[in-house]
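Assemble the complex: chain P is given as a structure, and chain X must be docked to it using the hints.
Number of protein chains: 2
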Amino acid sequence: MEQGYVRKPKFYGVGVGPGDSRLLTLRAVEVLQECQVIAIPRSKMERESIAWEIAKPHCPEGAKILELEMPMTSDQGVLQAAWEKAAKAVMGEINQGNSVAFLTLGDPSFYSTYTYLLNILKENLDPEQIETVPGITAMSAAAARVNLPLAIGDEPLLVIPGTGSLAEYRKFPNLVLMKASRNLDEILKVVHKGEVEGILATRVGQERENIRFLNKNEELEKVDYLTLVLLKHKS
Amino acid sequence: MEQGYVRKPKFYGVGVGPGDSRLLTLRAVEVLQECQVIAIPRSKMERESIAWEIAKPHCPEGAKILELEMPMTSDQGVLQAAWEKAAKAVMGEINQGNSVAFLTLGDPSFYSTYTYLLNILKENLDPEQIETVPGITAMSAAAARVNLPLAIGDEPLLVIPGTGSLAEYRKFPNLVLMKASRNLDEILKVVHKGEVEGILATRVGQERENIRFLNKNEELEKVDYLTLVLLKHKS
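Protein sequences appear in the order of chains P and X. The opening residue of the first sequence carries number 1 in this note's numbering; numbering runs sequentially from there. The opening residue of the second sequence carries number 236 in this note's numbering; numbering runs sequentially from there.
If you're looking for bench data, these hints aren't it; they were derived computationally from the structure. Mixed in with the good hints there might be a few duds.
Stated by the list, open to error - For lysine-lysine, the following DSS-like pairs were computed, each having C-alpha atoms within a straight-line distance of at most 30 Å:
#1 X:299 x P:189
#2 P:232 x X:299
#3 P:222 x P:234
#4 X:299 x X:323
#5 P:193 x X:357
Said to hold, decoys possible - Simulated restraints, written as ranges between beta carbons of each label pair:
#6 P:224 x X:457: 47 to 53 Å
#7 X:399 x P:81: 40 to 46 Å
#8 X:327 x P:69: 55 to 61 Å
#9 X:330 x P:224: 40 to 46 Å
#10 P:193 x X:309: 49 to 55 Å
#11 X:442 x P:193: 38 to 44 Å
#12 X:429 x P:127: 21 to 27 Å
#13 P:53 x X:265: 17 to 23 Å
#14 X:362 x P:189: 25 to 31 Å
#15 X:292 x P:74: 41 to 47 Å
#16 P:192 x X:363: 28 to 34 Å
#17 P:67 x X:468: 30 to 36 Å
#18 P:74 x X:316: 51 to 57 Å
#19 X:442 x P:81: 42 to 48 Å
Here the structure is a predicted model, which means the values were calculated and not measured. All C-beta atoms in this analysis are idealised placements derived from N, C-alpha and C, irrespective of residue type, glycine included.
Isolated chain P, as found in the complex:
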């Protein structure tokens, strides 16, 4: 180390991919190995953090685990307060000289709550103290598992987070519906018409993985929260 040079501790948002521990990138593993603190968002409901289960094999044994409590609510005020508290906990570690790796399922830039934490920390940290490490998305992993493309050539690809209505988007040749349990009945209507090929992917690469094609007579069943659906127009 150069004389007088002190490396500033960093905050990393680390995408751990959707489930399989082998889908972490080399950079993600490198970062986990270097950090003194591993930060994990956790709700009271969840006994185990999925992101932690995925990252665990790659974390040094001595790393400190910083659990950040995230209430299961859509109340923006409650959430904002929780993120403020989480940011304070992260800053506490950084001010002590510890680098912090915040684990996110999939890719940190892709529908991750990491963004809320990042926006608060941007106010407190120098730009060079922040690094986002991209991850494999569940949609890429699901498409890979069935050996089908998400999109090719001149086709658009639309991702909708499962809260919106499918009706206005039906013309798109390639649709990804995240958290698809919430509008599965609407999805099945389209599948029943036989215009599209539907692939349902639950917990890709995790223990309770379920990936399958939806058939034309598919009946409505309760599906896991971590489910996405790929809809592809038949050509």
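Then chain X, alone, in the frame of chain P:
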């Protein structure tokens, strides 16, 4: 090894990410290490294959390189013939007992020509002989580099491959334009109006990387073929 059990050679589509060799997944590296043959699509124009440059540090020294010639054309007949020839070369290796890793830039399921090769090989191989290994997309890597989300919460994300018109998609809060050099003038018109934040990302993680915000007075310049633009509506 069990008696009488012979492991069948496999065909892998390996996503090597957009540029940085550290953005390969652990699984991708594992596959590259196991394969006897590394297949690379190459046009006559290109002296170096970018996918090969990225994967090279992770490939065993003795691996055989199989160059698959891909003409730079939009003529579907010519392309189809080239892919048929490529598939034949891959099958030649597999029939000799060699596993083949076909390199693709970014993610194999995301606007990759891998799909065409895969569709031909599906006819010749058992399903268990095919594995697609997902990769980091350029859009995820670009968003990570500027510490901005591609999409959050209830927002849709639309990816268009740069050949279509922007006009009908302007209402989307998050737009990714791949191969954006082809409609940069249309993109700049939207940026000039000041309704959106535009991030231009060329060759993310490669030697000639250029990632920057587009400013309101941005002038039209020739940009590299491997350029994507993220357009985000200001809230």
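Next on the checklist: For each hint given before, does the structure comply? Return the numbers of the non-compliant ones in rising order.
Outcome noted: 1, 2, 10 and 11
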